[in-house]
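Colleague: The listed protein sequences correspond, in order, to chains G and C. Going by our numbering, the letters in the first sequence line up with residues 1 to 265, in that order. Going by our numbering, the letters in the second sequence line up with residues 1001 to 1787, in that order.
No wet-lab data here; the hints were simulated from the structure. Certain hints may be false.
[Unchecked claim] Covered, in the sense of this in silico footprint (three residues per stretch, anywhere, with C-beta under 8 Å from a C-beta of chain C), are these stretches of chain G:
(1) 171-182
(2) 235-245
(3) 250-259
In this text, a Cβ means the ideal position worked out from N, Cα and C, and glycines have one as well.
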Amino acid sequence: MYSFDFVKPGSLAEAVSALGAEDAQALGGGQTLIPTLKQRLASPSALVSLKDVPELQGVSVDGGAVVCGGAATHHEVAEATATAAPAISALAGHIGDPAVRHRGTIGGSLANNDPAACWPAAALGTGATITVQGAGGARDIAADDYFQGMFATALEEGEIVAKVSLPVPDRAAYQKFVQPASRFALVGVFVGLKGGEVRVAVTGASENGVFRWSEAEAALAGSFSADAIEGLSVPADGMIGDLHADPAYRAHLVKVMTKRAVAAA
Amino acid sequence: MPKDHGIGASTKRREDIRFLTGKGRYTDDINVAGQTYAFILRSNQAHATIQSIDTAAAKAADGVLAVLTSADLDGVGGLPCGWQIHSRDGSPMAEPPHPVLASGKVRHVGDPIAMVVAETYEQARDASEKIEVDLVALPAAVDMAEAIKPGAPQVHDEAAGNLCYDWTFGTPQEETDAAFASARHVTKLELVNNRLVANPMEPRVAIGEFSAHDGMHTLHTTSQNPHVIRLLMGAFVLGIPEHKLRVIAPDVGGGFGAKIYHYAEEALVTFAAKQIGRPVKWTSDRSEAFMSDAQGRDHVTTIELALDADGKFLGIRTDTLANMGGYLSVFATAVPTYLHGTLMAGNYTTPKITVNVKAVFTNTVPVDAYRGAGRPEATFQLERVIDKAAREMGIDPSELRRRNFVQPDQFPYETPVAVAYDTGDYEATLAKLEEMSGKAGFEARRAESARNGKLRGYGLACYIEACGIAPSALMGQLGARAGGFESAQVRVNAAGGVTVWTGAHSHGQGHETAFAQVVADMLGLPEEMVDIAHGDTAMGPMGMGTYGSRSLAVGGSAIVNATNKVIEKARTIAAHMMEASEADVEFKDGAFTVAGTDKSMAFGEVALAAYVPHNFPFDKVEPGLEEQAFYDPSNFTYPAGAYACEVEVDPETGVTEVLGFWAADDFGNVINPMIVEGQVQGGVAQGIGQALLEHCVYDADGQLLSGSYMDYAMPRADDLPMVSVDHSCITPCTHNPLGVKGCGEAGAIGSPPALVNAVLDALNAGGHDVAHIDMPLSPRRVWAALN
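Kindly produce the complete structure, drawing on both the sequences and the hints.
Modeller: Dropping the structure here:
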């Protein structure tokens, strides 16, 4: 990797300030950024480590929502939500491998918005609120507005994912069909039912990143059962085609994983 | 009772203590005084003309000591190919130069263009980015079928139509065609043997050193055969006489074939170390390994099997395209020919077999031997086409195989493809397999799966393979440029401890344990009295190294012969000291005794006398007790067996789960059953990897799409079932002293067809008419076949 300065801010304000420097880059758990640096595909002037920023720590279940600091690791979320929000816990507990889960963070994952990442499905599938902090202050962004395509989010330059609040669904499940090599989601579907509202969030499949399958949501709102979506199909158009799956297969898997998620919820 | 020491005992691997506690000494662990670091600038294009290379800025960069391009390599030869194949018309194969650094053109992504040497790795890599290489892209030849068409991009001017050779083997084509004309049934199958990346855990490393005062070069390298590297690099590439070149391959973390070959980086660090007067170290990273280690397999084959009304095999004919990649690697040309065509008879009495192979240059990483090397390709074709024929003719797959087995009373059995099997009992391993795998209860298990919406399948494959390429005289006639012998040196020290140098090399096989068991058993000593040494050309005689499951069958035989020489010399000494006739002196359980008397000398006493020769038969032998042997086998060995696999396919997603895997092998005599079991399980893991997961893929421009573990699916522990291994069916090899055959590759040879046959059984029994699916049987491919 190329040389860079390493900044370890003592507070969120210091982190925001450090990120104001030209070509400075926030470092969460580093599970994407460090390999990128090692391949010399990025050359930030400084890495601003969010790992020990006090305001970004912790996971709690409060008022019907899982509230995660941006620097909470996947492992911490999985542990803290095991009984209160088992679907979220299972999703967090099956990201990567133990080493990844002990370093990688929910904030880092949501900031990166990899089209095959798991957290975007949970955030969109629960209707989460993402609180971001920048030089201009803090703002809350609804998940529906946050994800803006592959690797694209509503984060402005220099903003940090400070907090993620995921409402705990009444019933929910995440089904991940893994890509055989990376074990990222080839297709992952998070289904959540809360009150009368159903959310079906799909990751891994679309060229536009995570999305809600609205036809399935409508059908499931009428009857929350796998049979309710039997007659639906997902168009292959706009699905990702790569070494591991063509668009038609991905589209097929979206439906299969949705049915399985509903059955498991 | 299982033995607790010596031949036949499951002695725990002594090398594991250091491997499992982080005390192994691998090449990258070695750092020498004054060491510098090399970085190789590689092509990012598959095919391009090198218009110019400007190294001025790189040479001026911080810490840089040298920047080498092909223009700086005056007097350096190309990397040699070890086997010359002749085409059907008698012409020698096209053998284009394989420069150490790309010259004029680059021919695959990863082709080395320049090497930077600097004080640190980071400086060398930084400077490499300052090298200005003007590449003018050329269209790439990637797909083999396209590459041999007129008008395709030409990889080498010396290979018209990208053809390396057009080889035919076995029965004359017209005789085989006549057998097909008389057949009741012909089964035809087109299949791909998918390209693999070897992926040893330890990437390649090379450290070159030069001492000016005596002109001595030293190369530490991650090699399976350091003696061969010394010969190839010294004689063909750098022109260094062998007494001035020492090659050391210390602990090596897996090879699987990819570390047999002489690589450019070994020559470059050796060359550069002399030029700059300091040691030079190069360490591959994983991404580099994906585009610079020789890759494996990559055959496209059409096979036809002719049968009579009873299912007797009448003839086999095959047409194969074999990918060589951009250059000829050391063994590359032998793999699709003499390591593949010779195995097309399998375990069966097919009378007419014609094998046709075209070897093709493409703008991809060179392809060479990978665990099994030619034999998996042969076995896969044969065992797949037999399974398809069984389904088409409505004959049970096991039964169809049984009807065609070479029978025990037919050995030695001459096949139509030039080899003679010395011994075997194929019915025995198949019967053992059916018992182990619970074949009788399978249909009940299938019904249970069906109740859960899953398609369950049972597949089997038989295999025969050939280990220890031999004899040297025949290899020479067939175009090999090397011999097939192995060496051993057995030194009995004065106090009785024994050091054995073997020309074989251990990089995971457990030689240090198993070879010591053999010598300890022969000398009647505790195993800990025997040490095995290898991997250093400065110690022990010239050896050929480890590949092709040869180490025990060939190297072990050399050890046996050298040990027998030790025993005979010791007998002479003992007879003298006990004042007896040599003929009356028996050696048993570590002691020499005189028949009919109570006179006895322990082996250690004789050893001491050999070095303190106060009372010694000087008229018969010299002092000392150290012997060596070179063993050249009279034939290959022929391990064989039968493998079964049980799978469950999820028809909704195409996911295949491997529920069970069973291996019944005849390896001849077994020295260490535990090590053999591990070798088979490791081979099966790689075979399941090939059949289900692994695939090296290039796009139409020759870019490597599966260039990291993000896209190249290595098998993980949870992809694999427990693999049950049996090696109780034993027909000892008839032509080597231990009666052993070799077990290192069998697992990777027999398992892919067993798994694919199981999946196709699941699909067809489940009502889906699917003739074949190419490996890897990814969920997408299986699902597509179902829809």
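Colleague: It remains to establish, for every hint, whether it holds in the given structure.
Modeller: Tested hints:
Check result for the stretch 171-182 of chain G against chain C: holds, 4 residues qualifying (beta carbon to beta carbon below 8 Å, three or more required). Counting residues of the stretch 235-245 of chain G whose C-beta sits closer than 8 Å to any C-beta of chain C gives 3, which meets the bar of three, so the coverage hint holds. Coverage of the stretch 250-259 of chain G by chain C holds in this model, with 3 residues showing a Cβ closer than 8 Å to a Cβ of that chain against a need of three.
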